[in-house]
Amino acid sequence: MRGSIGSMLLDRLRHIGVSRIYGVPGDYNLEFLELIERTAGIEFIGTCNELNAAYAADGDARMTGIGAVLVTYGVGDLSALSAVAGAAAEGVPVVVISGMPPLHAIHSRALVHHTLADGDYDNVMACYRQFTAASTRLQPATAVVETDRVLYAVQTLQRPVYIQFPSDICYVDVDVPPPSPMSVTSDPGLLAQAAQWIVQRLAQARQPVVLVDAMVRQYGLHDRVVRLCTQHGIPYAALSTARTLLPETGPLWLGQYGGQASAPGVADYVNGADCVIGLGVRFVDSTSGYFSQDLQPGALVDIQPFSLNCDGRNLQGITAADLLDAAEQALKDTPPAYPARPVQPDHAVPASPDARPWGQAVFWQRAEAFLRPGDIVGADNGSSMVAMLHARLPAGCSLLVQPVWAAIGYSLPASLGACLAMPDRRHVLFIGDGSFQMTAQELSTLLRHRCNITIFLVNNGGYTIERMILGPQAVYNDVANWNYADLPAAMGGDMAAVLSLKANDVSTLDKALAQAEQHEGLAFIEVGFAPMDAPAGLAAMGQAVRRYDYGLETPELP
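Residue 174 is where the sequence shown starts when you use the numbering used here, and the numbers rise one by one after that.
In case anyone wonders, no lab produced these hints; they're calculated from the structure.
Do not rely on the hints blindly, as some may be mistaken.
Said to hold, decoys possible - Pairwise CB distance ranges (calculated):
{"no.": "1", "residue 1": "Thr681", "residue 2": "Ala376", "range": "52 to 60 Å"}
{"no.": "2", "residue 1": "Glu726", "residue 2": "Tyr649", "range": "42 to 50 Å"}
{"no.": "3", "residue 1": "Asp396", "residue 2": "Ala290", "range": "51 to 59 Å"}
Cβ coordinates follow ideal geometry from the N, Cα and C atoms, glycine included.
Produce the complete structure using the sequences and hints provided.
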């Protein structure tokens with residue numbers, strides 16, 4: 174079969190599950206955009222800039238399994254690159270397509286705009302190679318095979334990939350074979366050996382635990398892990414990068430593990446375990462209580478996407494999915510051997526109104542009670558993420574956070590992607606004023622698409638998380654105090670359909686929550702606090718960062 178290179182690329186994207194492409198028009202990608210407009214089953218979502226587009230694609234991918242972003246060469250590429258690096262750090266599969274100057278300009282080294290005007294067309298590719306699993310520049314002779322190679326990599330390695338698409342080849346006609354099915358299979362002999370190692374370790378264990386990281390999301394391992402734990406009575410805990418991937422209720426759920434930053438009792442159990450089945454575990458500073466994990470020597474059975482480390486031995490050539498299946502089969506006649514822990518309540522019971530003064534302690538208690546089962550909850554880096562990582566979320570919630578790359582401003586455009594990916598679920602976003610100012614433009618896109626989201630703007634007058642590290646009164650931690658509650662109207666929101674409120678005390682907060690509870694569409698609630706008012710845990714986090722980064726115990730430089 175024959176078809177154009179542009180149509181081939183769109184068909185391949187739809188085949189792997191892409192139904193939305195986020196981005197910004199530019200003169201080198203306009204012909205491809207024209208083709209998208211005429212192609213059923215795939216939609217272009219225009220955003221305010223390329224950084225936000227890539228964040229939105231990241232949020233979409235975390236909900237659906239794949240995301241895509243379209244930029245224009247040079248200026249658009251490098252604008253998006255920080256978000257693409259974040260997707261690489263957190264294991265999020267995003268396809269980046271860059272409309273670039275025509276091939277004749279590249280071959281003649283023409284000095285064109287959006288370049289350094291030096292004839293070099295390889296510098297942007299060199300940047301992207303550092304942060305992607307695969308990259309390519311499409312040319313007619315190899316466009317199909319290169320597209321398939323790169324899209325195979327994004328599915329297999331679950332990290333971003335990068336495609337440069339010269340502007341003059343969109344409608345070049347080429348032979349287009351059907352896409353080949355993607356298949357990564359394990360070596361049968363090595364798989365049987367790996368499964369036996371796990372069976373032996375569990376048989377010897379007195380106190381086993383499963384420790385979950387983002388790999389469970391990346392490779393769709395949720396059901397396999399739940400079966401392993403429930404059928405054999407193995408408790409499980411999650412790093413902050415894996416919160417809500419497994420059910421957070423019932424006797425087997427321990428809680429979030431982060432070394433000394435763990436929920437009460439969780440660190441004692443995990444650190445005392447003699448068999449820790451680790452699923453893609455990486456101990457990053459921000460997920461381990463600044464490297465305070467304290468597993469027993471030799472306890473970790475380290476399952477990574479394509480390998481196993483156990484008792485000083487390593488096996489390659491196996492997949493985590495196959496290994497979990499093989500272990501389940503090998504354990505099928507083994508009864509549960511470990512005592513169940515007491516069942517935790519599904520959700521914290523909100524306290525009745527009291528006389529406590531206004532502050533974040535009251536706010537986060539009521540915010541937690543506001544959440545419903547099945548919500549998608551976004552929380553930006555800083556106060557909001559710390560609060561939500563300490564919260565007990567209702568059953569079926571999904572938590573959208575970025576603990577590893579930890580870019581402030583990520584959560585607003587990522588919530589746009591999540592909203593468009595999952596329009597039938599309610600979305601709730603908690604974001605600080607400093608974070609919001611990074612990517613505030615995408616509030617207009619949420620309004621434009623009539624997204625069903627409640628946004629809590631936590632206004633501390635600056636960067637509270639940084640104040641907790643250094644400079645509590647320093648002007649460098651201040652930000653301009655916008656009239657946040659006026660922004661929905663200023664950004665073109667239909668104020669008949671938008672709820673925009675402010676709360677600076679318990680009474681106004683309770684009224685705002687009651688209104689938001691009944692509202693369908695976008696609700697924007699600004700809540701104001703003193704600069705150093707923060708959720709429980711942020712001060713301790715600031716102290717840990719201060720010690721690690723600067724070797725200081727006090728909050729001020731000498």
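Hint check results:
1. Thr681 / Ala376: 52 to 60 Å: With a Cβ separation near 59 Å, Thr681 and Ala376 satisfy 52 to 60 Å, so the hint holds.
2. Glu726 / Tyr649: 42 to 50 Å: Roughly 21 Å apart at Cβ, these two residues miss the hinted range, so it is violated.
3. Asp396 / Ala290: 51 to 59 Å: holds (54 Å)
Violated hints amount to a single one, hint 2; each of the other numbered hints is respected by the structure.
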